[in-house]
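Undergrad: Using the sequences and the hints, build the whole thing.
Numbering (our numbering), first residue to last: 12 to 305.
Quick caveat, the hints were computed from the structure, so don't treat them as lab data.
Take the hints with a grain of salt, since some may be wrong.
What the hints assert, rightly or not - Subject to a maximum C-alpha distance of 30 angstroms in a straight line, what follows is the list of computed DSSO-like cross-link-like pairs (lysine-lysine):
| id | residue 1 | residue 2 |
| --- | --- | --- |
| 1 | Lys17 | Lys42 |
| 2 | Lys290 | Lys194 |
| 3 | Lys179 | Lys63 |
| 4 | Lys127 | Lys25 |
| 5 | Lys290 | Lys127 |
| 6 | Lys194 | Lys25 |
| 7 | Lys120 | Lys138 |
| 8 | Lys127 | Lys63 |
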Amino acid sequence: MSDDGKLKYFLGIKVDYNAEGMLLSQSAYAKEILVRASMQNCNPVSTPVDLKSKLSQDSGDRVADPTLYRSLAGALQYLTLTRPDLQYAVQQLCLFMHDPRVSHLNAMKRVLRYVKGTITDGLQLYKSSKNTLTAYTDADWAGCPDTRRSTSGYCVFLGSNLVSWSSKRQDTVSRSSAEAEYKGVANVVAETCWIRNLLLELKCPISTATLVYCDNISAVYLSTNPVKYQRTKHVEIDIHFVREKVAMGQVRVLHVSSSSQFAEFFTKGLSTLIFNDFKTSLSVRRPNDKTEGG
Numbered sequence: 012m013s014d015d016g017k018l019k020y021f022l023g024i025k026v027d028y029n030a031e032g033m034l035l036s037q038s039a040y041a042k043e044i045l046v047r048a049s050m051q052n053c054n055p056v057s058t059p060v061d062l063k064s065k066l067s068q069d070s071g072d073r074v075a076d077p078t079l080y081r082s083l084a085g086a087l088q089y090l091t092l093t094r095p096d097l098q099y100a101v102q103q104l105c106l107f108m109h110d111p112r113v114s115h116l117n118a119m120k121r122v123l124r125y126v127k128g129t130i131t132d133g134l135q136l137y138k139s140s141k142n143t144l145t146a147y148t149d150a151d152w153a154g155c156p157d158t159r160r161s162t163s164g165y166c167v168f169l170g171s172n173l174v175s176w177s178s179k180r181q182d183t184v185s186r187s188s189a190e191a192e193y194k195g196v197a198n199v200v201a202e203t204c205w206i207r208n209l210l211l212e213l214k215c216p217i218s219t220a221t222l223v224y225c226d227n228i229s230a231v232y233l234s235t236n237p238v239k240y241q242r243t244k245h246v247e248i249d250i251h252f253v254r255e256k257v258a259m260g261q262v263r264v265l266h267v268s269s270s271s272q273f274a275e276f277f278t279k280g281l282s283t284l285i286f287n288d289f290k291t292s293l294s295v296r297r298p299n300d301k302t303e304g305g
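TA: Here's what the structure looks like:
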């Protein structure tokens with residue numbers, strides 16, 4: 012091993028140091044994607060997702076060049092390493108890589124237009140001595156128009172730094188919103204357990220419980236209630252997994268209002284005002300933007 016000084020550039024990720032910490036960005040890679048799509052001169056938009064419609068697998072004609080669609084979708088996936096604001100939109104595009112249609116391509120072009128207007132944005136990491144884990148989880152119940160599966164999303168903060176996020180369509184259909192939300196809780200609890208073990212191996216153990224915020228009261232209640240109900244037998248494994256972590260003192264599942272539910276960012280399209288508000292809360296910013304207190 013060798014010490015080459017401060018990290019500046021690694022696998023397409025640029026590191027800019029500032030007074031608050033460091034900014035991770037992929038602006039050069041984003042420009043390459045726009046050139047590959049022949050959209051380097053497109054007009055930007057304020058959000059990556061159109062709120063008026065949801066994508067369906069059979070809507071419209073097949074695209075003329077599905078290979079280009081798949082290539083661009085894969086490239087956008089890599090861009091989400093420093094751009095959590097793209098996570099939900101790219102996840103939706105990747106659902107149709109096997110048979111892309113014109114409507115899916117139009118949705119991709121909207122994402123690329125958003126990238127054009129935010130090409131210098133990156134993920135800000137702050138200097139902090141806090142080692143508490145805080146997670147937010149949400150689910151869009153039966154949001155898929157084709158399968159009626161739910162989309163669950165989460166984000167995990169280590170101190171004030173966003174370290175993990177996800178947007179994923181659930182593997183099975185949920186019979187209630189509480190079930191969909193609880194599956195999301197189980198997913199983020201599994202993620203935080205992995206992060207806790209990683210930090211333990213790095214000699215930075217976390218002694219306090221991970222706080223998991225969910226905006227569904229029924230899901231919060233199920234995490235601590237020891238009584239078994241007939242209607243919850245189909246999610247019994249997730250229930251036992253979360254309850255075990257709660258009983259061990261590693262996790263606390265708490266309720267949060269929808270207005271402060273940052274994980275909503277990863278489960279559905281949002282209006283411009285709410286999108287920009289959550290984007291700021293998730294520390295996605297331009298290099299010259301002032302942070303809180305700056």
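Undergrad: Now tell me if each hint is right for this structure.
TA: Evaluated hints:
For the given pair, Lys17 sits about 25 angstroms from Lys42 by alpha-carbon distance, which is consistent with the 30 angstroms threshold. Restraint check: the Cα-Cα separation between Lys290 and Lys194 comes to about 24 angstroms, which is no more than 30 angstroms; the hinted pair holds. Restraint check for Lys179 and Lys63: satisfied, since their Cα atoms lie roughly 21 angstroms apart, inside the 30 angstroms limit. This hinted pair checks out: Lys127 and Lys25 have alpha carbons roughly 18 angstroms apart, not beyond 30 angstroms.
Of the pairs offered as hints, the one joining Lys290 and Lys127 holds, with about 17 angstroms between alpha carbons and a cut-off of 30 angstroms not exceeded. Note on Lys194 and Lys25: the hinted pairing is violated, with a Cα-Cα distance of about 35 angstroms set against a maximum of 30 angstroms. Restraint check for Lys120 and Lys138: the C-alpha separation of about 36 angstroms exceeds 30 angstroms, so the hint is violated. Between Lys127 and Lys63 the CA atoms are separated by roughly 22 angstroms; this keeps the pair inside 30 angstroms, and the hint holds.
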